[in-house]
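Can you build the whole structure from these sequences, using the hints too?
Keeping their order, the protein sequence lines are chains A and B.
In terms of my numbering, the first sequence opens at residue 962 and continues consecutively.
In terms of my numbering, the second sequence opens at residue 254 and continues consecutively.
Quick caveat, the hints were computed from the structure, so don't treat them as lab data.
Glycine included, every Cβ here is placed at the ideal spot set by N, Cα and C.
The reader is advised that the hints may include incorrect statements.
[Stated by the list, open to error] Listed next, the stretches of chain A that the computed footprint assigns to chain B, with coverage defined by at least 3 CB atoms under 8 Å from CB atoms of chain B: (1) 971 to 980; (2) 1025 to 1038.
[Said to hold, decoys possible] Under the rule of at most 20 Å between Cα atoms (straight-line distance), these lysine to any residue pairs were calculated in the SDA-like manner: (3) K316(B) - F1045(A); (4) K320(B) - L1028(A); (5) K316(B) - L1028(A); (6) K320(B) - R1046(A); (7) K320(B) - E1003(A); (8) K320(B) - V1033(A); (9) K320(B) - V1015(A); (10) K311(B) - F1045(A); (11) K316(B) - G1029(A); (12) K256(B) - V310(B); (13) K320(B) - G1029(A); (14) K320(B) - L1044(A); (15) K320(B) - A1037(A); (16) K316(B) - R1046(A); (17) K320(B) - F1045(A); (18) K316(B) - G1042(A).
[What the hints assert, rightly or not] Between beta-carbon pairs, the in silico distance windows are: (19) G1029(A) - R315(B): 41 to 51 Å; (20) E1007(A) - F338(B): 19 to 29 Å; (21) K320(B) - D996(A): 40 to 50 Å; (22) L318(B) - Y1000(A): 23 to 33 Å; (23) H351(B) - G1029(A): 42 to 52 Å; (24) V335(B) - F980(A): 20 to 30 Å; (25) G1029(A) - F268(B): 54 to 64 Å; (26) V335(B) - E1007(A): 18 to 28 Å; (27) I271(B) - P992(A): 32 to 42 Å; (28) P992(A) - F268(B): 34 to 44 Å; (29) Q964(A) - A303(B): 38 to 48 Å; (30) K963(A) - H351(B): 54 to 64 Å; (31) A303(B) - A993(A): 41 to 51 Å; (32) A993(A) - L318(B): 21 to 31 Å.
Below are the chains, spelled out letter by letter.
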Amino acid sequence: MKQLWILAATLIFAAILTFLISTGDLTFGQPAMADMDDYYIENGVEETGANNIVTSIVFDYRGFDTLGEATVLFAAVLGVGVLFRKLNTEEEEAE
Amino acid sequence: MSKIVRTAANLLFPFVLIFGFYVIVHGHLTPGGGFQGGAVMATGLAMIIAAHPFGRVKNAFRKDLLKVVEATGLTLFLAVAVSGFISGGPFFYNWIAHAGGLFGGVPTAAGNLNTGGIIPLLNVFVGLEVLGALTIMILYMLAGAKENS
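See the structure below:
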């Protein structure tokens, strides 16, 4: 039963993808709106002074997103610390 | 692990750290950056943790210090972001770029390390945070695994 569901989902997905590509609604490599990309490529080095455009986007234009990423990593470490705290020998000795 | 693994890990360790540091510092010139370079450096520390016996690892690595490194990285990252207000710009404003002085140089096609404004600073601080975070995660999990075996 489960395999049937997976097969059906795959077929439906493939059918939709084929339909979209054949009708021209879905294109790869030709974004409908490329203004933002062109802006970064033309002005990125001038504005940020960084030769690496990916870094200039990640740390300058989209710096807020990177702040969120760093916070997620911080929260992940907090989660690991909470999950493994009972197994710490030092804490069990202190109890 | 065996003596061969330990010797090889000790031999490779400084080079892995240097490569991670290079990836972080050249983040605004070459592919890579704070996250990637921090992960490389943490991999070097993980190699040492995996190669050496648990008792010596436990004494050699201080969790408190790594926690401070991680928290300092994130705090200084935020501080750099807030420092955009100094110049009257918005949050995360790149006020050091093209201003002269440190990281305010003119970018060249060959790549000038003294450019990028706040980007190299943010790279270094994110690298510190990732280094501390991944290493402390490994240490936490190592302590948990040792208790069960």
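Hint check results:
Under a criterion of three residues with beta carbons nearer than 8 Å to beta carbons of chain B, the stated coverage of the stretch 971 to 980 of chain A fails, only 0 such residues being counted. For the stretch 1025 to 1038 of chain A, the proposed coverage by chain B is satisfied: 10 residues have a C-beta within less than 8 Å of a C-beta in that chain, meeting the threshold of three. Taking the CA atoms of K316(B) and F1045(A), the gap is near 14 Å; set against the 20 Å cutoff, the hint holds. Using a Cα cut-off of 20 Å, the hinted pair K320(B) and L1028(A) holds, with the two alpha carbons roughly 18 Å apart.
Our distance criterion of 20 Å between C-alpha atoms is broken by K316(B) and L1028(A), whose separation comes to about 24 Å. Straight-line distance between C-alpha atoms of K320(B) and R1046(A) comes to about 15 Å, which keeps the hinted pair within the 20 Å bound. Taking the CA atoms of K320(B) and E1003(A), the gap is near 41 Å; set against the 20 Å cutoff, the hint is violated. Of the supplied pair hints, the one linking K320(B) and V1033(A) holds, its CA atoms being roughly 15 Å apart against a limit of 20 Å.
At roughly 29 Å between alpha-carbon atoms, K320(B) and V1015(A) are farther apart than 20 Å, so this suggested pair is violated. Only pairs whose Cα atoms come within 20 Å are accepted, and K311(B) paired with F1045(A) is accepted, the gap being roughly 16 Å. This hinted pair does not check out: K316(B) and G1029(A) have alpha carbons roughly 24 Å apart, beyond 20 Å. For the proposed pair K256(B) and V310(B), the alpha carbon gap of about 15 Å is at most 20 Å, so the pair holds.
Taking the CA atoms of K320(B) and G1029(A), the gap is about 19 Å. The hint holds against a cut of 20 Å. Between K320(B) and L1044(A) the alpha-carbon distance is near 16 Å, which keeps this suggested pair within the 20 Å criterion. Restraint check for K320(B) and A1037(A): the C-alpha separation of about 13 Å stays at or below 20 Å, so the hint holds. Proximity of K316(B) to R1046(A) is assessed by CA-CA distance (about 13 Å); at most 20 Å being required, the pair is judged to hold.
Annotation: proposed proximity of K320(B) to F1045(A) holds, straight-line Cα distance about 15 Å (limit 20 Å). Restraint check for K316(B) and G1042(A): satisfied, since their Cα atoms lie roughly 11 Å apart, inside the 20 Å limit. Taking 41 to 51 Å as the suggested C-beta distance range, the pair G1029(A) and R315(B) does not conform, at roughly 29 Å. The hinted range of 19 to 29 Å is satisfied by E1007(A) and F338(B), whose Cβ atoms lie roughly 23 Å apart.
At roughly 44 Å, the beta carbons of K320(B) and D996(A) sit within the given window of 40 to 50 Å. Under the hint 23 to 33 Å, the C-beta atoms of L318(B) and Y1000(A), about 43 Å apart, miss the expected range. A hinted range of 42 to 52 Å is violated for the C-beta pair H351(B) and G1029(A), which are about 27 Å apart. Checked against the given bound of 20 to 30 Å, the beta carbons of V335(B) and F980(A), roughly 50 Å apart, lie outside it.
As the Cβ distance of G1029(A) to F268(B) is approximately 33 Å, the hint placing it in 54 to 64 Å is violated. Under the hint 18 to 28 Å, the C-beta atoms of V335(B) and E1007(A), about 25 Å apart, fit the expected range. Between I271(B) and P992(A) the beta carbons are some 40 Å apart, a value that agrees with the proposed interval 32 to 42 Å. At roughly 41 Å, the beta-carbon separation of P992(A) and F268(B) lies within the given 34 to 44 Å, and the hint holds.
At about 39 Å, the beta-carbon gap between Q964(A) and A303(B) stays in the expected band of 38 to 48 Å. Between K963(A) and H351(B) the beta carbon distance is about 59 Å. The supplied range of 54 to 64 Å therefore holds. At roughly 49 Å, the beta-carbon separation of A303(B) and A993(A) lies within the given 41 to 51 Å, and the hint holds. For the pair A993(A) and L318(B), the beta carbons lie near 51 Å from each other, so the given range of 21 to 31 Å is not met.
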